[in-house]
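Novice: Construct all of the structure, not just a fragment, from the sequences and the given hints.
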Amino acid sequence: KQEVTQIPAALSVPEGENLVLNCSFTDSAIYNLQWFRQDPGKGLTSLLLIQSSQREQTSGRLNASLDKSSGRSTLYIAASQPGDSATYLCAVTNQAGTALIFGKGTTLSVSS
Amino acid sequence: DARVTQTPRHKVTEMGQEVTMRCQPILGHNTVFWYRQTMMQGLELLAYFRNRAPLDDSGMPKDRFSAEMPDATLATLKIQPSEPRDSAVYFCASGLNSGAKNIQYFGAGTRLSVL
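Protein chains in written order, with the working numbering: chain A, 1 to 112; chain B, 1 to 115.
Simulated from the structure, these hints should not be mistaken for lab results.
Do not rely on the hints blindly, as some may be mistaken.
Stated by the list, open to error - What follows is a list of derived Cβ distance ranges for each label pair:
(1) A10/A <-> R111/B: 15 to 25 angstroms
(2) E14/B <-> Q81/A: 42 to 52 angstroms
(3) L74/B <-> T45/A: 19 to 29 angstroms
Predicted, not measured: the structure shown is a model, and the values here were computed from it.
In this text, a Cβ means the ideal position worked out from N, Cα and C, and glycines have one as well.
Specialist: In structure tokens form, the structure reads like this:
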């Protein structure tokens, strides 16, 4: 059974710092991996999707990498801002069009 | 701007009452998912449909929960009777089962409190 773990559960950093969020999964036979952002009381916003054949995806200050063989992904946030404060969730799918399996998230707080 | 719409956004009810949550997926999407989020368990799949047919409802307590898609523009999740342990945020997501993108788009959720 696929399990997704995110470390750390919470992270506090000063504005401007570069940071890395970690995600690991137990079964390397994934179809793709997504990183989401969730603001308090809100839904989920997809940030980046990495297909199983890809190594990384970039969007603005965000860069996500995928190492399928080791069952790991990282989300790199450059030059963090207070507006980046949110919970970041990692999720994988094992087959196309199937359900996401989520980690429990990392709650990020960026102070000005 | 296409989005998944969920109603109601908030629901407070008493134990034993029926609760119905509704979801309007993005037009053209053929796959609809229901997830539940709690502090303890995080986000977990309850059920999902493709082309309106249920594919997996293994995450759903069958004795009290039911999920349906009466048509392509509406998905419903019902709880009868509701219990305090059902208090959670229920999310609907929709997507296309095509190719590599396979992105799921989430609604804002229904926050359910069962007293």
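Novice: A separate judgement is required for each hint: does it hold in the structure or not?
Specialist: Checked hints:
no. : hint                                 : result
1   : A10/A <-> R111/B: 15 to 25 angstroms : holds, 22 angstroms
2   : E14/B <-> Q81/A: 42 to 52 angstroms  : holds, 43 angstroms
3   : L74/B <-> T45/A: 19 to 29 angstroms  : holds, 24 angstroms
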